[in-house]
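Q: Guided by the hints, dock chain H onto chain Y, whose structure is given.
What follows is each chain in one-letter form.
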Amino acid sequence: MSTVESEATTQNGHVGRSLRRKEDPRLITGQGIYVDDIQLPGMLHAAIVRSPEAHATITSIDVSAALARDDVRAVMTGEDLAEDLEAPLAMLWAPPGTEIKAPEHWPIARGKVGYVGQALAIVIGDDRYGVVDAAEEVIVELEPLPVVVDVEKALEDEIVVHEEIGTNKAFEWSLPGGDVDAGFEEADVVVERRIVNHRISGSPIEPRGTVADYRAGELTLWTSTQIPHIVRLVLSMQTGMPEDKIRIVTPEVGGGFGAKLQQYHEETTLAVCAKKLGRPIKWVETRSEHMTTSHHGRDQVDYVKIGAKRDGTITAIHSKIIQDLGAYHMLLTPLIPALGSFVMSGCYKIPNVRTDIVGVFTNKMSTDAIRGAGRPEATHMIETIVDALAVELGMDPLELRRKNFIPKEDFPAEIPIGIVYDSGDYEGSLDKLLGMIDLDGFRSEQAELRERGIYRGVGFSTYVEICGLAPSRAVGPSGLGIQGGFWESAIVRVHPSGSATVYTGASPHGQGHETGFAQIVADRIGIDPQQVDIVHGDTGAGPMGMGTYGSRSLAVGGVSAAQAAEKVADKARRIVAHQLEAAPEDIELAEGSFRVKGSPDQGMTLAEVAGAAYVPENLPDGMEPGLEETNFYDPENFVWPFGAHACFVEVDVETGKVQVYRYVAVDDCGPAINPMMIEGQVHGGIAHSIGQALYEQVVYDDDGQLATGNFVTYALPTANEIPEFETDRTETPSPTNELGVKGVGEAGTIAATPAIVGAVVDALRPLGIDFLNMPLTPMRVWQSIQEAQERGEGPRATEQGRDLPAEARDSAGSGPTIPPGQEPGPAHGGGAA
Amino acid sequence: MNPEVPVRVSVNGEAFERRVEPRLLLVHFLRETLGLTGTHVGCDSSNCGACTVQLDGEAVKSCTILTVQADGSEVRTVEGLASNGDLHPMQEAFWANHGLQCGYCTPGMIMAGVDLIEENPDPSDEEIRRALEGNLCRCTGYHNIVKAVRDAAAKTREGVTA
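Protein chains in written order, with my numbering: chain Y, 1 to 833; chain H, 1 to 162.
To be clear, the hints were calculated from the coordinates, so they are not data collected in a lab.
Watch out, some of these pointers could steer you wrong.
What the hints assert, rightly or not - Not the full set, but computed from the structure, chain Y residues with beta-carbon under 7 Å of chain H:
1) M676
2) I686
3) V712
4) T718
Glycine included, each C-beta is placed from N, C-alpha and C at the ideal position.
Just chain Y, with the same shape it has in the complex:
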């Protein structure tokens, strides 16, 4: 555990210390300003009329009753706004070299709807409560069309979501490495699984919200987003307003988790309506709207197959990902499963790897990035199938992992799909984990407890993730072929009195950039982090930037801030050298002073340097005044954090209830900037996965009606369901950047689900269970136990998996798998299963 520090100092060496967060004083006193806290003079409120049907043509929308109200200023339908929009909502990133079928997706529906909750009209009026009343008075006539919600059924094209496209198959894309057919030929053992990685919601506690204000030819849009600059670019494309006349501000953002890595229709609609009406407008999502129309994540059916020699050497892995896209592409919808394909061989040396992806439309809300975005799905696949392979081989699952780990000395390691893992020590993190848990002790306790009818289990996950999105040359048009990479920008501006402001294109929503970036910059320019203010999330205040997602902020934005600070320090050294008549290379930064090496009493503080820079009477020839530098940093490679997790559960076999009672994690994200904040990210990430593995699921019924539209039916874990965490780290620097840092925002979420499910399977193996699909609700676990008992399985059956089609294998005993079209119930209270 890290110890939190608070003493102020101008020594360098702030990096690596658990300093208290600079963000917190305003947040613990209620002084933070979130979007819904903004009130502007003359501000109107908006409510959205949404489709009650999942698939329908729009016959008519009668707005007259709503418009007749005294407190309503305007009601707009999709047709009403047609003149004001130059382009539909954007899909910016997709797998390379693939023709993608993309339906037109307008901010407010035109002609037809494709999912429940799709916008049909916006009602704008004086009062927050009044517009909700008025929205009820908008009379919509819809002609229902047949609905398809199951992704495998949708692939059959009996019902198509977009008649004009004629098929639900939006694209196919493959990422091959080596020769999987040859790899399976070589294998002595082949294991297959059908894994359903169910649909989840991001559910930050702050719902989305937007305030639009158009005056004097300029639009200011406050919005709860992770990507202010990208929102500006897309809004400009849609509305035709020039980018320089649009300012996007993200005030405090109350969590994102990917759900705010999006450009949403309400932002566009409010921008256009604010311009039309000449009044500021606020719209804030209700929780029900979040569940219905903020994009969802996961929702894949995965067929995964692994082959190995008898000695455990893995020869091939093949996965087929059937990705439920929902009804429309959003910003990155088709790219998400592709992100998983980059880590489909996990931390193992597998010579033959192939991922085949098919993207499929259904009459549901779009899927897109939710914390981890494709990589939790990949990790779940590989860790689950490696566990299954171990059983098949009769090997210890950790021994099997060790046998196939990419060895430490192989890094940087090129993997068969052609990308390079930067650094790793997979044995090291597993060793450290095992040092924390006393596995032998647990195994004997487990055996004893089983005698008394108490079922406990342990599950493991050794993971690697791809972070630091994304090196332009590797992924851009001339590399992998994606529509551009993601660099980051920073300005370090030293003020005349010696304090500094840093502008970053990263856009935090809880991560603590204001503290971490201040630590990085402070060390490089010789002041206290308290004197370094970080400005983010305002397109009017800093250079174009790419925002925060994909665990990228530190490894790309933090490095950019460090490089900008180094440029400032270089200039400071040249000024000091000039003033003290020394050589610039002889000036070192120590104890808060730029001083001459060997003469510690000869030096200047940053404030003194700034004074000299802004009163430029004695600067080196040709040097510009001022002390401010800009940096754009485009990384050379991704970064590859990794680690080893162990989850311990107890299962009540009478009720099916699973309790995680211990969770131990060792993560490696390179050298720590602030260990306390790393722990916080890991805790939250694991909790997110405990939610997915045990409680959370977005459920649609066969008519495409959402059954989980609020926090009663969509069960976020509470403090009661989450254990204390035991965390530790190893530090393997990345050679990709000078800080050596990787990323940790998604690590826990990417790692945890296979460890949790593996623990439950381990607990229930004596009852004949060796495979389970998430979420492990009491009902599903209980039913699985009953089914295993009915099959008459005592101790585990081992002869399954090989060369059987999925359905036959399911019935032959590899555990229950949900038949197509049948969704399990919500977390609390059973439900549709």
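A: Showing chain H alone in chain Y's frame:
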């Protein structure tokens, strides 16, 4: 809009008389009528607890109470915790223990924590977790929130005995 009715509510020790729509939720009265935006709204179903305040000394979810029900009552919000510039021990403990990330659930979490230790000055971890069951956090995994409440309880006990 329905005819407005008069209410008198004391918030953080200050008396307010206002005329409000009868269906106005207490949380909107605090946030929009009085401008005390520290109390947040996170759901429609009183599950998330972001709107937790104390009403006559009891923690309540202010999204589930009509302003007219609070007529004649005393309300305490997160803005009323610090005194003379000194943070409340619960605020201090959330800061010291990294008990928050995005800060959105934090005011409600802090109010729930304050309410707990006023009733139970020495709660066990299990009691803390149970007391916070009505407050959802998506960022922290609760670990550091539990630690913060434990720390605030200990500091408060020390403060009382010192």
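Q: All the hints need checking, so say for each whether the structure fits it.
A: Hint by hint, here is what the structure shows:
1. M676: Y/M676 check passes; min Cβ-Cβ to chain H is 5 Å, inside 7 Å.
2. I686: holds (6 Å)
3. V712: For Y/V712, the interface hint holds, since the closest Cβ of chain H sits about 5 Å away, which is under 7 Å.
4. T718: Hint holds; Y/T718 Cβ to chain H Cβ min 5 Å, cut 7 Å.
Every hint, counting from the list given before, is met by this structure.
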